[in-house]
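Participant: Read top to bottom, the protein sequences are chains A and B. Sequential numbering of the first sequence, starting at 55, is according to this note's numbering. Sequential numbering of the second sequence, starting at 55, is according to this note's numbering.
Since the hints were made in silico from the structure, they are not lab data. In this text, all values refer to a predicted model and were calculated from it rather than measured experimentally.
Identical chains share a label here; the pair holds if one copy fits it or two copies do between them.
DSBU-like mimics (lysine-lysine), calculated; alpha carbons at most 30 Å apart, straight line:
1) K57 <-> K152
2) K393 <-> K310
3) K57 <-> K198
4) K198 <-> K393
5) K61 <-> K198
Number of protein chains: 2
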Amino acid sequence: MEKETLKVGLLGLGTVGSGVMNILQMNGEQVRSRAGISIVVKKILVRDLKKERAVEVDPSLLTTDAAEILQDPEIDVIIELMGGLAVRQYVEEALRLKKFVITANKDLMATAGAPLLRLARDNGRNIYYEASVGGGIPLIRPLKHSLGANRILRLVGIINGTTNYILTRMDLENMEFADALAEAQARGFAEQDPGNDLEGIDAAYKLCILAGLAFNSQVHFDTVNVEGISNIKQRDILYARELGFTVKLLAIGEEKAEGLALRVHPALVPLTHPLAGVLYENNALYVEGNAVGEVMFYGPGAGAMPTGSSVVADLIDVARNINHQVENGIMETDFLDKKVVPLEELESAFYLRLLAADQPGVFAGLANAFSKEKVSLDMIIQKRSREGEAEIVLVTHPEKEKNFNAALTHIQKFSGIKAIKSVYRVIRK
Amino acid sequence: MEKETLKVGLLGLGTVGSGVMNILQMNGEQVRSRAGISIVVKKILVRDLKKERAVEVDPSLLTTDAAEILQDPEIDVIIELMGGLAVRQYVEEALRLKKFVITANKDLMATAGAPLLRLARDNGRNIYYEASVGGGIPLIRPLKHSLGANRILRLVGIINGTTNYILTRMDLENMEFADALAEAQARGFAEQDPGNDLEGIDAAYKLCILAGLAFNSQVHFDTVNVEGISNIKQRDILYARELGFTVKLLAIGEEKAEGLALRVHPALVPLTHPLAGVLYENNALYVEGNAVGEVMFYGPGAGAMPTGSSVVADLIDVARNINHQVENGIMETDFLDKKVVPLEELESAFYLRLLAADQPGVFAGLANAFSKEKVSLDMIIQKRSREGEAEIVLVTHPEKEKNFNAALTHIQKFSGIKAIKSVYRVIRK
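Make the full structure from the sequences, and use the hints.
Facilitator: Structure follows, in structure tokens:
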């Protein structure tokens, strides 16, 4: 018993909502043909009926009453594009009323994804959330389907466009952090209050979603080690380039014998690594699987049309499922709760920049401190000293973080060391 | 009525077949859980029952009689990994006997994809061919599903690992073509008879498959303009780098108002383009959609395990479809037969290296020849002349190919021009 049209309720008509309406208007015939059914947006929840919209929409579709949409028995699919955690009640109500849910809500899926997916399953429905991470880049679907034959070993993502824009400007145009941030704000790639982006919070939420799916585990935000980019100096980016690296804010998830390792931090990335070529506001996810090896997905991590592209792809999937009477796609509702390994037990290579007195024995002291903690050095730069002060840049081989930290503690006690200016992790592949 | 196990027949146990068996053994539990059903390889067609295999397989599964597999009513899925066009009869027989088909066969899907997909549809079945292009990189599924809301405007692919390996060695290690080819052969990235790879034939077949899907049109091999890399000089790669480019063999498909444009040729790619970072044997597909903007898929384009990863992903999809009684996934059987635009009507920017007599008026003559055909120059390098001969490198702005060719004809007639050494296309984004 196939339906003639699929009726959809939209919660929210902001940036992404306008993008979705735009795509349905622009590519409507193709969407209908792929979906196998006509798709009609029947009602749209907005806060203000009179507001100017970026897209032309029949005013009679708009309502300020969520119940009018959620309780409409003709509506089979709810697309939630309001964001924030307060909409959880709407999503739960929609699922209990046997509606499919599509959402672009990163915060909601990162903090409540597992229970919501279970609720969906218990009601014979599903939640689609391709748009919640990576904007227009296909990430969720490839992890669930295309790489379904793989045990995922590692994810390395550039999944925050604001920080990547800033770091790219700093690197390619020798800008200082504050100037690059101001540029990002002027061009709409950073918010006026950019804290969540700069401090890695946004990337950590997205990592929760991706790592949860990749490692089949509930991933809690507070188990992710998070460090942002606001202390990054242009000088370090210059040294990094001299050594063959660029600096990126990475979100890294790994499954090791001891458990999951989850972190967001800036890192030196080799210029020959495919992530090094991910510039400006673009995002990418690098995935290591035990069968495929390494693959990467690259594209626009935000924006009305890219994110709308992911929402409408989900809508086509839902439509096909409903039309074929398949009530579940592949679901991920049997999340385990895997152990998370503390950062200091992980191995990392480090980049270190310090100022030392230009006097005999200083470098020997440094070298001994590292050697005592079994940290070995991979690269060293020391340029001509100025005013009795030498700037030294070191890159270590990978070693347990606690050993590196112990060496750093020894070094800080030397009278010859004037300041430890910067410490960053380095990824090798 | 759900089955307890899904029985599979494998045609071929070479490189990819061994990879598939390996993955089913290594990740069997995960595959079963994703598929929702146990998957059993019931029979395997081989040429030689006694041959040593790269994977451990129960010898009782092997047979040299295709009919024993194709006519087994218990077998619901045929995985065809023999390659070549002679297996077409097996694929057709399998479809007529209502079996699903999974194939990694690029030649077959490029030359007979459309009729085979129609045959599948007429029998209520489908053909899955993720592994036929790009090895382990998800390409087919993203084009069909994740980007399903987009009208695809342009595909630019690095889809031949042999040529990309050679060009990467030439670029990063200043090697000449012949040495890089020898290295590629020694390391197993080029065959002893590498003609199909070097001349762009392999990439053109893959472009037929990708462009067919992206533009919903039957794409015939003989409508693709093909040029290979065997004439590329290290000297041009050096100049390209000086100008901010690297050289790649690209497969390009575009849909323009006038029709499809399809070509495989070497081209200068800006170093800031994400395709520039695709090194050695890796492959990537850059896709422009009218909603998403630009996305790229990157990874290993060949190899037993990567290609096996794509085959097993298809197998999971088939198993889920069978298990849920859905007989068709999204199909692409209503291919149109769109017009193809001749290359000379397309716009391209060009790189040109020539030797000229070091005498007055030569450059003016050159410039006039271009100007006469409305070709404008974007970049020029002329270094100190040697023995009365000057080497000149030019990059033009985009102009119709026929205009550039006309300018080239004028130039060749000048007495001051001693030789046109190289001509390549340049992509700007």
